[in-house]
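**Q** Spelled out from the first residue to the last, the chains are:
Protein chains: 2
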Amino acid sequence: MKHKIGILGFGTVGQGIAEILTEKRATLKQRFGFEFEVTAIAGSRYGTAYNPNGLDLKTLLDDVHKGNQFSKDRVDWDNLKLIRESDTNIWCELTYTNLETGGAAIDHVKTAIKAGKHVVSSNKGPAALYYSELSLLAKKHNVMFLNEGTVVAGTPVLNLANGPLAGCEITKIQGILNGTTNFILTEMEKGVGFKDVLKIAQEKGYAEADPTGDVEGYDARAKVVILANIVLQSPVSINNVSCKGITEISLTDIDVAKKEGKRWKLIGSVEKTNTGITASVAPQKISIDDPLAGISGTKNALTFTTDLLGDVTIVGPGAGKIETGFAILNDLLRLHFEN
Amino acid sequence: MKHKIGILGFGTVGQGIAEILTEKRATLKQRFGFEFEVTAIAGSRYGTAYNPNGLDLKTLLDDVHKGNQFSKDRVDWDNLKLIRESDTNIWCELTYTNLETGGAAIDHVKTAIKAGKHVVSSNKGPAALYYSELSLLAKKHNVMFLNEGTVVAGTPVLNLANGPLAGCEITKIQGILNGTTNFILTEMEKGVGFKDVLKIAQEKGYAEADPTGDVEGYDARAKVVILANIVLQSPVSINNVSCKGITEISLTDIDVAKKEGKRWKLIGSVEKTNTGITASVAPQKISIDDPLAGISGTKNALTFTTDLLGDVTIVGPGAGKIETGFAILNDLLRLHFEN
Chain E
110 MKHKIGILGF GTVGQGIAEI LTEKRATLKQ RFGFEFEVTA IAGSRYGTAY NPNGLDLKTL
170 LDDVHKGNQF SKDRVDWDNL KLIRESDTNI WCELTYTNLE TGGAAIDHVK TAIKAGKHVV
230 SSNKGPAALY YSELSLLAKK HNVMFLNEGT VVAGTPVLNL ANGPLAGCEI TKIQGILNGT
290 TNFILTEMEK GVGFKDVLKI AQEKGYAEAD PTGDVEGYDA RAKVVILANI VLQSPVSINN
350 VSCKGITEIS LTDIDVAKKE GKRWKLIGSV EKTNTGITAS VAPQKISIDD PLAGISGTKN
410 ALTFTTDLLG DVTIVGPGAG KIETGFAILN DLLRLHFEN
Chain V
110 MKHKIGILGF GTVGQGIAEI LTEKRATLKQ RFGFEFEVTA IAGSRYGTAY NPNGLDLKTL
170 LDDVHKGNQF SKDRVDWDNL KLIRESDTNI WCELTYTNLE TGGAAIDHVK TAIKAGKHVV
230 SSNKGPAALY YSELSLLAKK HNVMFLNEGT VVAGTPVLNL ANGPLAGCEI TKIQGILNGT
290 TNFILTEMEK GVGFKDVLKI AQEKGYAEAD PTGDVEGYDA RAKVVILANI VLQSPVSINN
350 VSCKGITEIS LTDIDVAKKE GKRWKLIGSV EKTNTGITAS VAPQKISIDD PLAGISGTKN
410 ALTFTTDLLG DVTIVGPGAG KIETGFAILN DLLRLHFEN
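Sequences listed follow chains E and V, in order. For the first sequence, the working numbering gives the first residue as 110, with consecutive numbering after it. For the second sequence, the working numbering gives the first residue as 110, with consecutive numbering after it.
What the hints contain is simulated information worked out from the structure, not anything from laboratory work. Wrong hints could be hidden among the right ones.
Just so you know, same-sequence chains aren't split out, so a pair can sit in one copy or run between any two.
Listed next, the in silico DSS-like pairs over lysine-lysine satisfying Cα-Cα at most 25 Å (straight line) [said to hold, decoys possible]:
#, residue 1, residue 2
1, Lys181, Lys133
2, Lys394, Lys368
3, Lys367, Lys353
4, Lys281, Lys308
5, Lys248, Lys313
6, Lys281, Lys133
Because the structure is a prediction, the values reported are computed rather than measured.
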């Protein structure tokens, strides 16, 4: 079966997956029998393009790289009409995350599912705010709602937990889930204060102009909620997660930890206990012997505590155009194999 | 479909998977629709048991825990007759590794495949010495030959590479593939010399009476060969892998590395280059910032270098009864999903 893919949002991740699909078309067919066309892209500032026989991705990427609007196959449909009426069987929801309300993404996901189309998302809004509802809706309509790209970019944490680790019972997950704060803590170990490092992080593009979402732990908190829901199958909401960021960590704190053979890390954690689920985001002093202590810079890492294997840790990139694009490819392949 | 499983070898790994299957029977059925009977066990010193309707695993495990021979369903068939003529569709080859000739395991695997039965193995002999031949034979007979248990116990390295990382091209693999030597190097950092640490490792059961296979790097070399063949699809043989163990590392070497911000680790490595494949096992000084540097004691870890994700590292147990038993379960589930 030839997949017909739609893409909502053509920012970093959207362009990333479009580039990967363009470059890997032959390999994907040869190795996995994965054949596809991207038939629809809603690119907001670039316009909307639709062609039931397949869009010319190279031309559209060229347009975008030049800062232009799409030059071919333009339509003036709104997103919901495009989702419903286009010839597509999979929608990739890659618009910007809104952790307050979920934004338009919620309607995008619901509309696609109700139209009987699978959804692959890197948008943390739907997964962090409405996972239970959306996954039930997907089940009802016999489609899949996959979210690998919402946590640790393309490092395959959700598909590892639900794939090769599926035979284990996972009881706890903890990890370094935000690259910006990990970069800041790593640089502070060199003796540079929080405010100065934040400036460097902003210059390098690791932190946004308003860094609140990262440094206060809100981004990590959303990921903890997603891990609780998808991996531990426990309906945790953002309000259930205690959350403390890294703004109060001083150079003195860092020094004291160093003398104790430890390192400060912003740790997101969720655990099944006898009385229910506990979930938190907070800076923690981690022993140098812990695999999480060695994770420096913008890298992310996650430790699953399991019944049969004890602790299994995975380390990989937590951001990046191609790295997050790969998460989308990963879910597309999962859809391909399981449908 | 109800799987009928045979087990060859009832040492640590065989007992491990038997215990897991006994405890997880209900969960496996409920979560994955995985139903099974273990119908045959060739337990060498415990005798051979066969019952086409399913053996009583609890009783047989009890026998073994008491140091007795199997007390039920005994038959006097030899292994090859058992493999061929028993009512089984999957054979688990869990006998002891022989890296010189492969030993009887080679015949076990070939006989099972030729009889149209899948093979799951934790025995490094067949995979390290005859992977190309055996995987071709399996293809011809339309069955699978799976080897998760041969590398890093149940930490799912092969199924991660061939599953959630399948969309990447993996160009290099390097890792800490032997727990015994990693334990020795970790302890030497505390100032204890090689010979004294080796004695401790032998007392703890981490090293064998003849420690050659571990300390000279031969065990890690076999794993490098298996990774090259299965993950990089490159027919590397043991003779293609340069191999140096840890016997020449002195406390002075360890101290010098420490002063350079580095740590000695025995690294197994295999890489695709423009001119072919290079593979080696050798002690290397690893920068403290590398995720592999933080892997202490008997833990194992492996870094995949990929085209789309850069480096992805997985860390987990490298030995243990239940931990290696889980590798067998992992492959059994893979067989279940893909057949």
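**Q** With reference to the structure, classify each hint as holding or not holding.
**A** Hint by hint, here is what the structure shows:
1. Lys181 x Lys133: This pair counts as within: shortest intra-copy Cα distance 22 Å, inter-copy 56 Å.
2. Lys394 x Lys368: Both: 11 Å inside a copy, 24 Å across copies.
3. Lys367 x Lys353: within (21 Å within a copy, 35 Å between copies)
4. Lys281 x Lys308: neither (34 Å within a copy, 35 Å between copies)
5. Lys248 x Lys313: neither (42 Å within a copy, 50 Å between copies)
6. Lys281 x Lys133: Between copies, since 19 Å is at most 25 Å while 36 Å is not.
Hints 4, 5 from the earlier list are contradicted by this structure; the remaining hints agree with it.
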